[in-house]
Amino acid sequence: MLTRENTVNLVLALLLLAAPLAANALGQPFYVTLATRIAILALAALGLNLALGLGGLVSFGHAAFFGIGGYAAGILSSHALSYEPMIFGLPGTVQMPVIWIVAVIAAGLVALAIGAISLRTSGVYFIMITLAFAQMVYYFAISWPAYGGEDGLSILVRNQFPGLNTMKPLSFFLVCYVVLLAGIGLFALIRASRFGAALQAARQNETRVATVGIHPYRIRLTGFVISAMITALAGALYADLNRFVSPSMLSWHMSGELIVLIILGGTGRLFGPLAGAALYVAFEFALGGLTERWQFFLGLILLGVVLFARGGLLGLLAGKAKHG
Amino acid sequence: MTLALALEQLLNGIQLGVMLFLMAAGLTLIFGVMGLINLAHGSLYMVGAFACAAVAAWTGSFWLGLIASLACAAAAGAIVELAVIRRLYDRDHLDQVLATFALILIFSEGTRWLFGDFPLYLDIPALLQGVVTLPGDATYPVYRLAIIAVGALIALGLYLLIGKTRLGMRIRAGESDREMIGALGVDIRTLYTLVFALGSALAGLAGALVGALQSVQVGMGEPVLILAFVVIVIGGIGSIKGALYGALLVGVTDTLGRFLLPQLLALFVDPSQAGMIGGAMASMLIYVVMAVILAVKPRGLFPPAHA
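Chains as they are written, first to last, in my numbering: chain A, 11 to 334; chain B, 415 to 721.
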């Protein structure tokens, strides 16, 4: 069905594909990298959007999962390149699909633990507890020297994807783009599923959900874990994009930025994270070119969006969200 | 491990706890009265530290700097409340988080603009330099003891202010029923601005006091802010009493954990390993404590009765 929102979404998706193709043809690999950054940040925010937008769970600690994904990529590839086995004698790997699986499983397990405790609370408590748990992971990464500690861990050669040369910016972009589209597809499927309906209903009216025999806690925990897994996948890609992973991926600024991306784009919307990420990276690029103090103006813009333009970019372009 | 060393660490823990209390008291007061979650509280801490360092460098007097830190942080708080925060009271927590996150960006970059990228330094005032001797022949800086005393005084002052004065009565009334107190003719908007300025001044004071112990730099408020969040979550959001106990618990646990865990582990593994693992475990310790407390009492140790 070609509603106004679908048209905007389609244009966004095509633009994100067309821009780097054109940039590559014109010999401007920098813009391809910029588009890759958009795709990866969009995927990370898409994961958070599942918890925040659908489930109403304002997680201020998704940087933890983003960083765990990043460290999965960094640690696995460093072991593969040094031929040192990891714990239990398992070898490292430079194959992206394997790294992705490890990243997703690791983040899922951590999210299960964090979620199990955090979801006992709600509202402000939930925000602060997720933040505190993410800080715990952050300080752990800083004080554990085996993988670089505060200095971070370099990925000497970008990890490989079967049949592609990922060192070519365009190839790596295409990998990220396809993963992003798959993520968006998964999000749409979940939103339309019975589980998605229950998750959204738990946000709107917890008591009613419990009355019809659904346990809101379990629904939320499942949503939280899936959400963390998607964000971790983005983290693994992000580490490969920068060929570097450091505790800054785990910092609470990162958690804040992920929420910002969603709000800039439009909360709970399918393409909100993509719109938000595109807008954010564009701001960063345009303002960063003008002044070193671009974050000052980013703050002003963000304040303006929160106070006066609550629907985000998609709200502006595609009208109010259909789903409440 | 000697007794003197342990006592010194315990005092350090209490001193950290007292600083955290100054931060947490403002945060929890603002949440209790206005229902607002303020991420920019750490920025007000930074404002206090910068104001103190700048004025102390300019006039040569730490005490004038301290007054400036209170005044600047309170003024910054009042301005922010009037311009931004007041529009957020009716919004959900997500909007509050985002708007105050935006304020952090503005404050941090604004401070960099004014003071440059390099940290400032603040000297301990002559009156409070020197050390006292503890039992067991250890020495302890007077300045840190003074911080503990200031914190105790502030805690007492807050207790009297909230419990015994008319303003405190209004603040408590605002916590339990804001429509009602408005209907009774109390100017609730001015009250909110006052409470926000008070919380800001406490954060600014904390920043100025700590400024003499470490370098004054952009971003210094954020680690403290997050510890203060842990404190108020443990204590029960909205409870000043909870903030006091939570702050001391977090301060002492964190400091003693960093001191004791490596030594404890050294009994089982070799010392270099123990230092590494112990350090990593100690940095996570307070979050583990928080998780345990929340698992038992999801609303903190002293949840406010009305919430």
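Any given hint could be a false lead.
[Stated by the list, open to error] Label-pair restraints from in silico Cβ distances:
(1) Arg228/A - Glu593/B: 31 to 41 Å
(2) Leu91/A - Gly550/B: 44 to 54 Å
(3) Arg218/A - Leu681/B: 54 to 64 Å
(4) Glu160/A - Phe532/B: 19 to 29 Å
(5) Trp527/B - Phe295/A: 15 to 25 Å
(6) Val710/B - Arg228/A: 46 to 56 Å
(7) Leu310/A - Tyr503/B: 18 to 28 Å
(8) Asp684/B - Ser92/A: 19 to 29 Å
(9) Leu528/B - Phe295/A: 43 to 53 Å
(10) Asp504/B - Glu94/A: 51 to 61 Å
(11) Asp504/B - Leu91/A: 32 to 42 Å
(12) Ser475/B - Ala319/A: 45 to 55 Å
(13) Ala489/B - Asn175/A: 54 to 64 Å
[Said to hold, decoys possible] What the simulated footprint calls covered on chain A by chain B, stretch by stretch (three residues with Cβ under 8 Å from a Cβ of chain B suffice, anywhere in the stretch; the number is not a length):
(14) 47 to 54
(15) 147 to 154
(16) 187 to 193
(17) 215 to 225
(18) 266 to 280
[To be verified] One-sided and incomplete, this derived list gives chain A residues near chain B with beta-carbon spacing under 10 Å:
(19) Tyr135
(20) Met138
(21) Trp262
These aren't lab readings, by the way, just hints derived from the structure by calculation. Given the structure is predicted, the values throughout are model-derived calculations rather than measurements. Think of the CB as a built atom: it goes at the ideal place given N, C-alpha and C, for glycine as much as any other residue.
Verification of the hints:
About 37 Å separates the C-beta atoms of arginine 228/A and glutamate 593/B, a value consistent with the hinted range of 31 to 41 Å. At about 52 Å, the beta-carbon gap between leucine 91/A and glycine 550/B stays in the expected band of 44 to 54 Å. Between arginine 218/A and leucine 681/B, the C-beta spacing of about 55 Å keeps the proposed range 54 to 64 Å intact. With their beta carbons about 20 Å apart, glutamate 160/A and phenylalanine 532/B fall inside the hinted range of 19 to 29 Å.
One distance hint, 15 to 25 Å for the beta-carbon pair tryptophan 527/B and phenylalanine 295/A, holds here, with the actual separation near 21 Å. Between valine 710/B and arginine 228/A the beta carbons are some 21 Å apart, a value that contradicts the proposed interval 46 to 56 Å. Separation of leucine 310/A from tyrosine 503/B is about 21 Å and conforms to the stated range, judged on CB atoms against 18 to 28 Å. A hinted range of 19 to 29 Å for the beta carbons of aspartate 684/B and serine 92/A is consistent with their spacing of about 23 Å.
The hinted window of 43 to 53 Å between leucine 528/B and phenylalanine 295/A is violated, with their beta carbons roughly 26 Å apart. Roughly 57 Å separates the CB atoms of aspartate 504/B and glutamate 94/A, a value that falls within the hinted 51 to 61 Å. Checked against the hint of 32 to 42 Å, the C-beta distance between aspartate 504/B and leucine 91/A comes to roughly 55 Å, which is inconsistent with it. Remark: the range hint 45 to 55 Å for serine 475/B to alanine 319/A is upheld by a beta-carbon distance near 47 Å.
For alanine 489/B and asparagine 175/A, the hinted distance range of 54 to 64 Å is satisfied, since their beta carbons lie about 58 Å from each other. A count of 0 residues in the segment 47 to 54 of chain A with a Cβ less than 8 Å from any Cβ of chain B is obtained; the coverage claim is therefore unmet, three being the minimum. Counting residues of the segment 147 to 154 of chain A whose C-beta lies closer than 8 Å to any C-beta of chain B gives 5; at least three are required, and the coverage claim holds. Given as covered by chain B, the segment 187 to 193 of chain A fails the check, having 0 residues with a CB less than 8 Å from a CB of that chain where 3 are the minimum.
Taking a C-beta to C-beta cut-off of 8 Å, the segment 215 to 225 of chain A contributes 0 residues in contact with chain B, too few for the three needed, and the coverage statement is violated. For a cut-off of 8 Å, the count of residues in the segment 266 to 280 of chain A with a CB near a CB of chain B stands at 5, and the three-residue condition holds. The interface hint given for tyrosine 135/A is met, as the beta carbon of that residue sits about 6 Å from the closest beta carbon of chain B, less than 10 Å. At a threshold of 10 Å, the smallest CB-CB gap from methionine 138/A to chain B is about 5 Å, leaving the interface hint in force.
Nearest Cβ of chain B to the Cβ of tryptophan 262/A: about 7 Å, under the 10 Å cut. The hint holds.
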